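**Student:** The residues making up each chain are set out below.
2 protein chains.
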Amino acid sequence: MTDSSREPPFIVDGLQYCNWSPEIFEEMAAGGVSCAHVTICYWENLRETIANVSAWHKRFERHGDRLLHVRTGDDLRRAQAEGKTGIVFGAQNCSPIEDDVGLVQVVHDLGLRFMQLSYNNQSLLATGCYEAEDPGLTRMGRQVVKEMNRVGLVVDMSHSAERSTLEAIDCSERPIAITHANPAFWHPALRNKSDDVLKALAESGGLLGLSLYPHHLKGKGDCTLESFCTMAARTAELMGVDHIGLGSDLCQNQPDAVVAWMRNGRWTKDLDYGEGSAQAAGFPKQPDWFACNRDFTNIAEGLTAAGFSAEEAAKIMGGNWLAFFERSFGPAAA
Amino acid sequence: MTDSSREPPFIVDGLQYCNWSPEIFEEMAAGGVSCAHVTICYWENLRETIANVSAWHKRFERHGDRLLHVRTGDDLRRAQAEGKTGIVFGAQNCSPIEDDVGLVQVVHDLGLRFMQLSYNNQSLLATGCYEAEDPGLTRMGRQVVKEMNRVGLVVDMSHSAERSTLEAIDCSERPIAITHANPAFWHPALRNKSDDVLKALAESGGLLGLSLYPHHLKGKGDCTLESFCTMAARTAELMGVDHIGLGSDLCQNQPDAVVAWMRNGRWTKDLDYGEGSAQAAGFPKQPDWFACNRDFTNIAEGLTAAGFSAEEAAKIMGGNWLAFFERSFGPAAA
Numbered sequence: 001m002t003d004s005s006r007e008p009p010f011i012v013d014g015l016q017y018c019n020w021s022p023e024i025f026e027e028m029a030a031g032g033v034s035c036a037h038v039t040i041c042y043w044e045n046l047r048e049t050i051a052n053v054s055a056w057h058k059r060f061e062r063h064g065d066r067l068l069h070v071r072t073g074d075d076l077r078r079a080q081a082e083g084k085t086g087i088v089f090g091a092q093n094c095s096p097i098e099d100d101v102g103l104v105q106v107v108h109d110l111g112l113r114f115m116q117l118s119y120n121n122q123s124l125l126a127t128g129c130y131e132a133e134d135p136g137l138t139r140m141g142r143q144v145v146k147e148m149n150r151v152g153l154v155v156d157m158s159h160s161a162e163r164s165t166l167e168a169i170d171c172s173e174r175p176i177a178i179t180h181a182n183p184a185f186w187h188p189a190l191r192n193k194s195d196d197v198l199k200a201l202a203e204s205g206g207l208l209g210l211s212l213y214p215h216h217l218k219g220k221g222d223c224t225l226e227s228f229c230t231m232a233a234r235t236a237e238l239m240g241v242d243h244i245g246l247g248s249d250l251c252q253n254q255p256d257a258v259v260a261w262m263r264n265g266r267w268t269k270d271l272d273y274g275e276g277s278a279q280a281a282g283f284p285k286q287p288d289w290f291a292c293n294r295d296f297t298n299i300a301e302g303l304t305a306a307g308f309s310a311e312e313a314a315k316i317m318g319g320n321w322l323a324f325f326e327r328s329f330g331p332a333a334a
Numbered sequence: 001m002t003d004s005s006r007e008p009p010f011i012v013d014g015l016q017y018c019n020w021s022p023e024i025f026e027e028m029a030a031g032g033v034s035c036a037h038v039t040i041c042y043w044e045n046l047r048e049t050i051a052n053v054s055a056w057h058k059r060f061e062r063h064g065d066r067l068l069h070v071r072t073g074d075d076l077r078r079a080q081a082e083g084k085t086g087i088v089f090g091a092q093n094c095s096p097i098e099d100d101v102g103l104v105q106v107v108h109d110l111g112l113r114f115m116q117l118s119y120n121n122q123s124l125l126a127t128g129c130y131e132a133e134d135p136g137l138t139r140m141g142r143q144v145v146k147e148m149n150r151v152g153l154v155v156d157m158s159h160s161a162e163r164s165t166l167e168a169i170d171c172s173e174r175p176i177a178i179t180h181a182n183p184a185f186w187h188p189a190l191r192n193k194s195d196d197v198l199k200a201l202a203e204s205g206g207l208l209g210l211s212l213y214p215h216h217l218k219g220k221g222d223c224t225l226e227s228f229c230t231m232a233a234r235t236a237e238l239m240g241v242d243h244i245g246l247g248s249d250l251c252q253n254q255p256d257a258v259v260a261w262m263r264n265g266r267w268t269k270d271l272d273y274g275e276g277s278a279q280a281a282g283f284p285k286q287p288d289w290f291a292c293n294r295d296f297t298n299i300a301e302g303l304t305a306a307g308f309s310a311e312e313a314a315k316i317m318g319g320n321w322l323a324f325f326e327r328s329f330g331p332a333a334a
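These protein sequence lines are chains A and B, in that order. If you're matching positions, the first sequence starts at 1 in my numbering and goes up one per residue. If you're matching positions, the second sequence starts at 1 in my numbering and goes up one per residue.
Quick caveat, the hints were computed from the structure, so don't treat them as lab data. These figures come from a predicted structure and were not determined experimentally. Treat the hints with caution; some may be incorrect.
[Unchecked claim] Distance condition first, Cα-Cα at most 30 Å in a straight line; then the derived DSSO-like pairs of lysine-lysine:
# : chain 1 : residue 1 : chain 2 : residue 2
1 : A       : 146       : B       : 269
2 : B       : 199       : B       : 146
3 : B       : 285       : B       : 220
4 : A       : 269       : A       : 220
5 : A       : 199       : A       : 220
6 : A       : 269       : B       : 146
Bound conformation, chain A alone (with noise of 0.2 Å):
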């Protein structure tokens, strides 16, 4: 247990979605974890999101000595002050708020502070990496992405088509975010990014969370920190050291059936393997370097190995998404 206070630096995970425990609570405080932005929806509509909130007030109440609900940046210093391990919100689809623009507002008041425009497929207010073609913000997405300028839920487009990205960034009059995915100079997977996308996020003052899921990785399950490491390095020439973080898209402990329901949801009776196969159907091999929350540590050493200074892995590890949630999850300025 974990009751003193953490010092700086920060640690920041800018998305998980483990198989929620005691025992990964307690390697969180053991990798001295300050905050993770975790998923409460891949599909789940209004009500059913509602219920997964729900199930994490649960695990605030039951587990109060190791976690804490963030809702702005302040929760995130209370959290690293008081040792335990800040929990953001987030949704990985536009499904909670339906077919509805007024929802935006409630799923903020309900926690949600990341919520992404499309997931894989087309969406009522963009388009999804997996879908043929691509035509960019739909009349709905322009008008939803004003509403969470407005009220302080950040745009991700982890998960969405280039042109929808470009026009997501455009379109947002503040940062957004691509919580989970890593430069497709590196590994040219589908759910990586262009240098397009990648310097347009920068530009505008948005964040990049390098992504530690296996099939975002050069070599997959077997990539070697050094790889990841000096990816990184290239990707803060690229970008700028400040708009780049950790994403790692940890997913411990889920069953098969968890990354099934991600990729089919409820749309499709034939079964879609996503970026795996058939033969691979499967959630992927972490590599060892980062198989849970205890490894932070592995990557800020490995960061210093590549060449970044002290203070400039702790933006990465932490810091830059501090400051991203101080400035994001409140309302627009009037």
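Fit chain B to the known structure of chain A by using the hints.
**Tutor:** Frame of chain A; chain B shown alone:
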């Protein structure tokens, strides 16, 4: 009250959304209306659509002497034989199936026989006619069309955009419908259809319901019966007389708040005026020769005056819809 058998020809309206009342049901009887496809959903989700279905169940119970719920072509023949007006349910949007391909069979079980893949805007399935871009059917759209084909839920593309419509015609293994629209060659409204669409629809065995909604008419509310029926003759030349019927889009006695709901749903905070304008935001005035269900005789006479034979006019007035219902509302042949 009409309780005697009604003789052919059949009068079938491919779309109505009136503010239903005993007076309107009496007008349907007086006008000899065999059947109307009635809208039970614009933006409603499954639960809300079911409430609208339930409201119809109450009407069927209260007005059993006038109305009959039509699920099959045989039901329509029975309505005609009993001198009643058959009612077919349909959705103008795919919102009742939410994000769930499994709900296609559920809504068919509830009596829905038509479902539009999109209504003006981008949906999860296809693009609406008011979007700037039309990428065609989505991944989910292709899954849903296959499932609609399987159970016998007719694809309706009345409010969809051009490419999506052509792809729906191509993707669907059973004929589709455009229940309420006119040819753009006659009146180039955004909602009216190109020659390419009309030809592809006819070649695939589909059916076009000619609309009497003023925004779809040349001259709007001042359109003459002669102009409308001459257009019908030109459309029959283009598509073949077996591929056209009526789809009046009659919205009798609806308050203007209803057209605001149709246009704005819950997707926008800015007001959208659709085919109207800020200066003319409400329902437009009907042509005086088609103000209510009593007026189908005017159209039958107009078709004859425009050169259609009695047999051809009977097809357009209802015979074609009857044949379409008979081959479309049941499960696909094994």
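**Student:** For the pair supplied as a hint, residue 269 (chain A) and residue 220 (chain A), is the alpha-carbon distance within the 30 Å limit?
**Tutor:** 29 Å, holds
**Student:** Does the structure keep residue 269 (chain A) and residue 146 (chain B) at a Cα separation of 30 Å or less?
**Tutor:** Status holds; Cα separation ~10 Å.
**Student:** Hey, residue 285 (chain B) versus residue 220 (chain B), does the alpha-carbon distance stay inside 30 Å?
**Tutor:** Judged against 30 Å, a Cα distance of about 8 Å means the pair holds.
**Student:** Tell me if the straight-line CA distance from residue 146 (chain A) to residue 269 (chain B) falls inside 30 Å.
**Tutor:** 10 Å, holds
**Student:** Next pair to validate is residue 199 (chain B) with residue 146 (chain B); report whether the Cα-Cα distance is within 30 Å.
**Tutor:** 22 Å, holds
**Student:** Against the 30 Å threshold, does the CA-CA distance of residue 199 (chain A) and residue 220 (chain A) hold or violate the hint?
**Tutor:** 25 Å, holds
Checked against the numbered hints above, the structure breaks none of them.
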